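**Q** Chain by chain, the residues:
Number of protein chains: 2
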Amino acid sequence: MKERAYNFSAGPSMLPEEVIKDVADNLLNYHECGESVMEMSHRSAEFKEILADAEATLRDIMNIPDNYKVLFVQGGGTLQFAMVPLNLAVNTGKIDFIVTGNWAKKAYKEAVKMGYDTKVVASSEEDTFTYIPEVKKEDFRPDADYVHICYNNTIYGTHYPYIPDTGDIPLVADMSSCILSEEIDVTKFGIIWAGVQKNVAPSGVAVVIIREDLLGKAAADIPTYLDYKIHADNDSAYNTPNTFSIYVAGEVFKYLKRNGGLAAMNKKNVAKATKLYDYIDGSGYYKAPVRKEDRSLMNVVFVIGDKDVEKKFVAEAKAAGLHNLGGHRSIGGMRASIYNAMPEEGIDKLIEFMEKFKEENAK
Amino acid sequence: MKERAYNFSAGPSMLPEEVIKDVADNLLNYHECGESVMEMSHRSAEFKEILADAEATLRDIMNIPDNYKVLFVQGGGTLQFAMVPLNLAVNTGKIDFIVTGNWAKKAYKEAVKMGYDTKVVASSEEDTFTYIPEVKKEDFRPDADYVHICYNNTIYGTHYPYIPDTGDIPLVADMSSCILSEEIDVTKFGIIWAGVQKNVAPSGVAVVIIREDLLGKAAADIPTYLDYKIHADNDSAYNTPNTFSIYVAGEVFKYLKRNGGLAAMNKKNVAKATKLYDYIDGSGYYKAPVRKEDRSLMNVVFVIGDKDVEKKFVAEAKAAGLHNLGGHRSIGGMRASIYNAMPEEGIDKLIEFMEKFKEENAK
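Just so you know, the protein sequences line up as chains C and Y, in that order. Going by my numbering, the first residue of the first sequence is number 20, and it counts up by one from there. Going by my numbering, the first residue of the second sequence is number 20, and it counts up by one from there.
Keep in mind that the hints are not guaranteed to be accurate.
Since the list gives no way to pick one copy over another, a pair counts as held whenever it fits inside one copy or between any two copies.
Claimed, not checked - Think about it this way: if two alpha-carbon atoms lie no more than 25 Å apart in a straight line, the pair counts; the simulated DMTMM-like pairs of lysine to aspartate or glutamate are:
no., residue 1, residue 2
1, K128, D240
2, K331, D184
3, K67, E335
4, K276, D79
5, K128, D254
6, K67, E329
7, K337, D72
Please keep in mind that the hints were generated in silico from the structure rather than gathered at the bench. Computed from a prediction, not measured in an experiment: that's the story for all the values here.
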């Protein structure tokens with residue numbers, strides 16, 4: 020296809036077209052410095068500026084306080100599942116989890132595998148993760164080293180309608196699928212981390228925003244790469260970071276800034292998601308299983324209720340230039356991931372397709 | 020500068036210009052599939068083909084036997100320094116090292132930090148790492164779980180003139196700065212790993228070539244991401260890999276294949292390095308401190324012997340479009356990293372510059 024598709028992938032997923040075009044224009048000779056960013060020494064003045072600029076712009080658009088460090092770490096969420104306990108579960112070794120989907124559960128299972136004293140404080144698994152449980156401060160173990168949540172659940176399409184009050188216990192949030200989609204009060208969290216591959220940049224980096232007092236407590240014998248302090252003390256360049264992804268992330272941060280920042284982006288996201296949920300709810304054919312107040316702005320999950328028809332939906336949608344509408348391999352159905360870079364036109368095209376499909380397939 | 024520079028960076032470093040151009044041309048809409056590779060789901064048919072193709076081409080050009088797995092892992096050499104012992108030092112916990120430079124030493128120090136029973140079997144540190152020690156089979160502890168070497172030492176510009184005979188003990192080689200520059204008998208090694216950022220692709224991936232019988236022996240409580248078997252069992256996509264770097268790596272593998280493979284590339288590398296070393300040795304001004312038989316084809320280290328003049332050399336070279344000729348921050352002097360993608364014309368320009376600089380600065 021000569022045209023670009025509307026890519027509803029859960030991640031990696033769409034990036035702003037103007038950013039991709041600018042990256043392509045500069046790929047052979049970045050701003051006439053003689054090198055591609057792909058070829059730049061991470062110790063060069065040129066790349067140091069790219070990295071510092073990316074961090075500064077992120078701090079600006081997310082309003083990150085000075086007592087938080089911003090790190091760009093490789094290994095994705097899977098490595099964060101191990102790094103967080105190694106760095107934070109160092110006093111009692113107790114970790115409390117709210118299990119709201121596969122990724123929250125993976126974080127929990129990793130802590131179990133590594134031998135920590137874990138507790139599932141609440142779970143919505145018995146109801147196929149279609150809502151976010153309400154958890155109060157008293158529910159957490161007072162001597163827990165931290166509480167882990169997954170703030171937006173990519174697979175099930177839920178999003179916390181509130182920030183759990185954990186008192187003095189550091190709250191750690193996986194925000195992989197909602198970072199930069201809304202304004203967030205960073206001070207409510209001990210760590211916010213997010214794989215960049217959904218809403219920010221090409222895969223291979225997790226952004227870690229960590230309160231400074233949580234650094235430097237890891238045991239001496241853990242792998243060097245897994246100690247946040249090593250990354251913090253070396254401005255994310257203790258070893259060669261994923262330079263290209265950091266560069267594209269910085270370009271996306273700047274794109275967001277010049278388009279009104281996260282408040283403006285959130286307004287657009289609300290408009291896009293509302294349009295799609297409203298259509299689904301009123302369609303009499305598609306169903307969105309998630310409780311209304313817990314619905315994600317980023318991942319819109321819906322079903323028809325017949326597996327064969329759903330397969331047909333996904334295939335015909337792809338042929339129509341609407342890519343990756345299949346639900347996660349673990350649950351099936353459909354999922355439209357509509358991150359920042361999905362234009363409203365994509366929602367309109369999807370609804371148009373859904374209406375046509377309904378007319379052709381509803382009995 | 021409108022022209023591309025000759026970039027002598029130790030890494031990240033130059034990539035073949037035709038590969039960069041092709042990547043740029045396909046960046047917005049990869050082969051008209053409607054998506055950028057940067058936006059592709061790692062579970063999509065399109066990306067799975069890119070990944071499988073990259074692995075198959077690498078197997079072809081490196082002649083990798085079927086009983087070796089090829090993995091693309093994030094975290095660079097620093098994470099490999101921890102992953103190798105966690106996966107291999109599981110019987111006696113004894114690890115033998117040959118220390119031939121900073122990176123070999125870092126591997127050793129990481130194993131010490133993690134509490135393993137380490138032994139430095141040989142080191143050339145007392146002679147500023149200007150040669151590769153000769154080590155015999157009898158020098159290794161017979162019950163060592165593995166032996167670690169750094170096959171090409173980026174900082175000091177040395178390369179093993181032989182493959183150490185370790186008998187039945189698995190030999191693990193860090194080949195970050197020489198992979199794909201020469202033909203290698205993979206069967207001599209238990210693991211070959213290499214960060215891709217020097218000779219292959221943009222940073223953020225280590226290629227790990229591991230003999231199958233070494234998989235599956237790690238302790239149950241290690242972080243999931245650090246277990247090679249997890250990566251092997253999931254074709255390097257247990258979690259989202261660094262998709263873009265893997266894609267570019269695959270393009271470079273194909274570039275090498277259509278240009279005669281590693282034998283042809285090695286011939287070019289020998290010609291380039293010989294020309295530069297011959298000039299240095301005959302210059303009466305520059306000196307290459309490394310013992311001749313141990314000289315690297317990839318990293319050519321040389322000095323003038325006066326720090327101020329060397330600084331001037333590096334600055335004037337940069338102004339002349341010859342980038343990153345400074346030696347590693349730990350030793351100073353000069354270093355020309357001349358990886359596969361450095362054209363012979365770059366060597367000619369460098370020698371021309373060196374001769375002019377000598378005429379202007381020799382007393």
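**Q** As a check of your reading, is K128 near D254 (CA-CA no more than 25 Å) within one copy, between copies, both or neither?
**A** Answer is between; shortest inter-copy Cα gap is 22 Å, intra-copy 30 Å.
**Q** Tell me, please, which holds for K276 and D79 at an alpha-carbon limit of 25 Å: within, between, both or neither?
**A** within (8 Å within a copy, 46 Å between copies)
**Q** Reference check for the pair K67 and E335, CA-CA at most 25 Å: within, between, both, or neither?
**A** between (46 Å within a copy, 21 Å between copies)
**Q** My question is about K128 and D240: at a cut-off of 25 Å on alpha-carbon distance, are they close within one copy, between copies, both, or neither?
**A** Both: 22 Å inside a copy, 11 Å across copies.
**Q** First find the shortest C-alpha distance between K67 and E329 inside one copy, then the shortest across copies, and answer within, between, both or neither for a cut-off of 25 Å.
**A** Close across copies (23 Å), not inside one copy (48 Å); limit 25 Å.
**Q** Please sort K337 with D72 into within, between, both or neither, judging by C-alpha distance up to 25 Å.
**A** between (38 Å within a copy, 23 Å between copies)
**Q** State whether the alpha carbon distance between K331 and D184 is at most 25 Å within one copy, between copies, both, or neither.
**A** neither (44 Å within a copy, 59 Å between copies)
Figure legend: structure checked against the earlier numbered hints; the only hint not met is number 2.
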